[in-house]
Structure formats: C-alpha cells, structure tokens
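A.B. asks: As given, the protein sequences belong to chains A and B, one line each in that order.
Be aware that the first sequence starts at 1, since it is given in the numbering used here, and climbs by one per residue.
Be aware that the second sequence starts at 318, since it is given in the numbering used here, and climbs by one per residue.
Keep in mind the hints are simulated off the structure, nothing from the lab.
Some residues of chain B that are not near chain A, with every Cβ distance over 12 Å (derived):
#, residue
1, PRO324
2, GLN332
3, ALA335
4, ARG431
5, VAL437
6, CYS440
7, THR443
8, THR450
9, PRO540
10, ARG552
11, ASP557
12, GLU565
13, THR572
14, LYS606
If you want the footprint, here are the derived chain A segments under chain B, 3+ residues with CB under 8 Å:
#, segment
15, 41 to 51
16, 257 to 270
Positions of the beta carbon are idealized from the N, C-alpha and C atoms, including for glycine.
2 protein chains.
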Amino acid sequence: MNITFLPIDIEKAHQRIAPFIHKTPIFTNAFLNNWVGAELFFKPENLQKVGAFKARGAMNAVLNLREAERKNGVATHSSGNHGQALAWAAAQNKIPAFVVMPSNSPQVKIDAVRGYGAEVILCEPTLQAREETLAEVVAKTGATFIHPYNNVQVMAGQATCAKELLEQIEGLNAIVAPVSGGGLLSGTALSAHYFGKNVRVFAGEPALANDAKQSFDAGKIIPSTNPNTVADGLRTSLGDKTFPIIKELVVDIFTVTEDEILAAMRLVWERMKLVIEPSAAVSLAAVIKHKKQFAGQRVGVIFTGGNVELNKMFANI
Amino acid sequence: MNITFLPIDIEKAHQRIAPFIHKTPIFTNAFLNNWVGAELFFKPENLQKVGAFKARGAMNAVLNLREAERKNGVATHSSGNHGQALAWAAAQNKIPAFVVMPSNSPQVKIDAVRGYGAEVILCEPTLQAREETLAEVVAKTGATFIHPYNNVQVMAGQATCAKELLEQIEGLNAIVAPVSGGGLLSGTALSAHYFGKNVRVFAGEPALANDAKQSFDAGKIIPSTNPNTVADGLRTSLGDKTFPIIKELVVDIFTVTEDEILAAMRLVWERMKLVIEPSAAVSLAAVIKHKKQFAGQRVGVIFTGGNVELNKMFANI
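Extracted from the complex, chain A is given alone in its bound form (with noise of 0.2 Å):
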C-alpha cells in the first residue's frame, strides 16, 4: 500500500483531542433496522462539538501547530462547518482564528463562527475569490492555513471518528460515511484498515455532486463543478492527500438524489428525534438504497453534522 499514514498517527490525534472532544454515543433505531434489514449502528457527530464531525480534525490541526505559529493562529476558508470548527478549537486554544467565507454562507454558519470569537472574512462565492482573499489574510496576519480536509492533521483528527465507532461496536462488517473533500471518508477508510477487521468501508454522496464517485471511476481526481444540492456539506472535490487512500481502500460509493437525501434526513427526525443536517443523512440514504449490500450485516453509519438553517422551518409552525 502506498500510504504514508500510520496508525500511530490516528492513536496519537485520538488521545490529543480526547479531553476536547465528546465521545458521541451510539444510537440504535429498531423501526430503521427492521427497514433497512440489517443492524445499524449510527454514530452522530451531531451531537459532537460545534455540531459536526470537524470538531474532531480541526483541533488536532490547531493541537499541532508549533509554539512559534500559536501566536498568530490559524485561518481557513470555509462556507460551513470547518470554519466553526476551526474557529471553536482557536477558542479553546485562545488562538487567533480568521475565517474566510463565501457571502451566500447561511446567516447561522457565519453567526457561529463569529460567535465562537473568529474574525468572518466574505469574500465572493467563488473558489477563486475564496482562495485569493484566504492568501491575502495569510501574508497580512501570519496566520497558518489549516485546510478543511486535505491536511494530515486534520484526516488524522477525522479518523478518530470511526476508530471510537470501533471501539464502542464490536464485530462491524461496514461503515458508510458521505464524501466530499474526503477527510472523513479518508480518515475513516485508514481507521477500518487498522483498528477494524474484514470491515468494508462505503461512501454515500448526492447525486448532483458525484464528482468523488466519477474519480473512483476514473482512477482520477475530477473536480467538482459548482454542485448545487441541498447536502451543502457536500459540495467540494476531493484532494490530492485525500483521494489515494480512498482509491484503495473504499469498496464503492453509492450516489443518492435529493429525495433520498431529504427523505433519509426526514427518517432521523421523525423516528431518531435527532436534528442532523442534508449532508449528514447521505450516508443513511446510501444505506437506504442499497439495502441489499448490507443485508443481515452490522453496519456503523456516520452522521457528520446537525447545523441545519431552521428560520424556514420554524416560519410555518
């Protein structure tokens, strides 16, 4: 294997992190087992820290910055939840954090980062404009890029997600994360190979952004091209850290339409009671759809984050 990540790297992330970190429980649904036909395990980052997943890589990230880069902190852009994220582990840190976001960024996403004491950079919602104001915010602040997923550091930290799903469920035989840069999908690929055993890792991702499932087809990163899905989480391409380790160690990734994905989402409300968001209910979805793979199997299933807009929803009560 070409893979340069060991499991002492995830190890090491998973006891650095610890004392910032909830340890997500497990949830089980009787209702959704009884669906789907097999044993699922959910894990909800959710619950997790800033309501997501990134909790996880963006404080090991901020953990591992040398003494001398702390005083200037760390900047990132990011239209959701790694700016939150980054900007709560600066926090905790008391780090600074600068976070350049896209100006459509939903009101609450930008709201929380500011609120977690993050200065909010908008920029056009462009990659370019993103990535030439997150450029110049560095050479003016000193402050160290920490990428949303395609940073060691910060796939180590994710990875941490599915080596306590291991350890919390015995005797899995498939864990489905969504994808989309593939920090999650990575991280959690490496900790199926290392800490799992015989455990099948799959991926679930919107139709309408499909680009990782057309790179799995390919052999070939091929970038995503303004995707416009309701899994706004979901939007982003694969990189060049991220993709190797997919490419070997992911069995397949399944794509889900909107519906799927909003009627899974509409499923973890109803008969889960737990608040997650379009992109978290991908996974779920693939499941959904793809019943037959997983049948009598025990499957962990990743519910990457909660941070849903809820003005809309509540408007009508």
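Using the hints provided, position chain B relative to the given structure of chain A.
C.D. replies: Chain B alone, transformed into the frame defined by chain A:
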C-alpha cells in the same frame, strides 16, 4: 403527608419496565448552562420508546394487568403520546389495544398508533365524545381502561423517569417538568421526595392552558376549558389522583407564553440537535424565564417527547 404512594411502588415499577424501556442518557449543553447561569441536566425522553416518557407509565400499567384481564386487552382515549405508548406496550405484551382518538388528531399520531397494531376509533373532538366512545369500546370489548394519567400504575411508571435522573446525576437541587394531567409531575415529585435529597420540584405550563397553576394557587382542581396552546400535549386537566401529590410536593408552577415555548424548542433543535415537541420545551422555557430561581444550581430538566408533525416544516426545504 396524605399520600398513599410508597417508594416500593416506584421501585417495583422500575424493575418491571426496565427490560422494555430505554434508560435515556443525560445531555448537557455549555451554551445553555452559560445562558441560564446554572448547570442543566437534560433527560431526553424524546429518545424514549415511542418518542415520549409515556412509554413508562403505559408499560407499567400493562404489566400490572391480571392474567384474566390480558386477553381482552387495554383501551384508552388519547390525542397523543399516551395512545401510542399504550399501543406499543400492548403490542410488546401481545395483547389487544383500542385507542379512541379525536378526529382532528395529527395524522402522524393516528398512523403511529395504528403502526403499533392498535385499533383506532375516531370520535368528535370533545371530552364528552371521547368518554362516551371509550365507554362503548370498553363495554363491547371488555378491555381494561388505562387512563392517560389518573391511574396509580401510570403515575408509578412516569415516576421512574425522575428516579433514573436522580440515579444518573448526583446533587441535583431541582427538577423541572411540564404539567398537564399531572401524571409526570406527580411521579417526578414523588421520586424527588423519596429518592432525592432536598430536590425541589417545579413545573412549567403554557399560559394559554394554565389550569394547573390556577388549581395549585386555589388549592382545588380547576378544569381546563378547551385551551389552544401549541403545546398539544398539555391541554388536559389535573386528576384527583395526581393533584393531591402536586399540591403537597411541588414548589411552584411557572407559566410560559407561546413565544417562549417555541423559542425554547428552537434552542434545543439548534443547539442540542434534538427534536423535541412543543410540550417538551415548556420545562426549559420555564427555567429560562425564571433563571434567577435556579442561579448556580444543578437542575434536572425533563424533555417529555419528540413527536412533532414535520409535514409543514419539510414543505419549505
């Protein structure tokens, strides 16, 4: 004290129902602690079987049936969670269940009762129609009527919720629960009295359905008059078995407005990622409104259930 309930009744109920119910975990939230200025320990009974604490009381009542009673099953009238809970408890025990529901009940609740295999009998949405229809059902089927709250086995079952909370969290100063018929509140007060050390019990109640507060202040039951609060689980009146306990053991009842209920519910969805129903948010709304009362204390807050009609909310996504 004039109360005939003994600790052993609650202990036996807990032993009896334990194999069937979830021991719901305790949730905490740094944001809410900070906002209220107290340490809050949430008991999320929205994660309970059937999505509400009512599973406890219904199961205890069903498990207390005599052998001769079991074959004719159980009956009740309920627009909400008690109907589902009794249907579930009956199904678990393989006995028939008959649930009289007002014809304007949310479809999701009618479907849920039927989903557990119970027979639903719809009636006009008046108390008189409910009681008459129930009497007919009981006469025809020989089923045992299990009152939603004014039943000592139901009360003992509901009391197990606070008993668990007291076992899970040491040194609680107070517990806050919503009040409607008083099954949960009387059970909570009994458990705090018997199993807690100086644990003060408070209730939250919608101002639009403030019959319990009126009754508490007047020292006699003042029935509710068809109240129209968004907290649809809190529209009924106190019972002659629940009120004496509440009068004797509860410190105060705090009323909250519709806006306060919905704001508290939204906070829980947004910050704790838990789907709770409006009735469940009444306890937190009361704590927020009266935070001076709880300053610096360790406060248990019961979230009663999570059965919300999501159609309208999801129509807007």
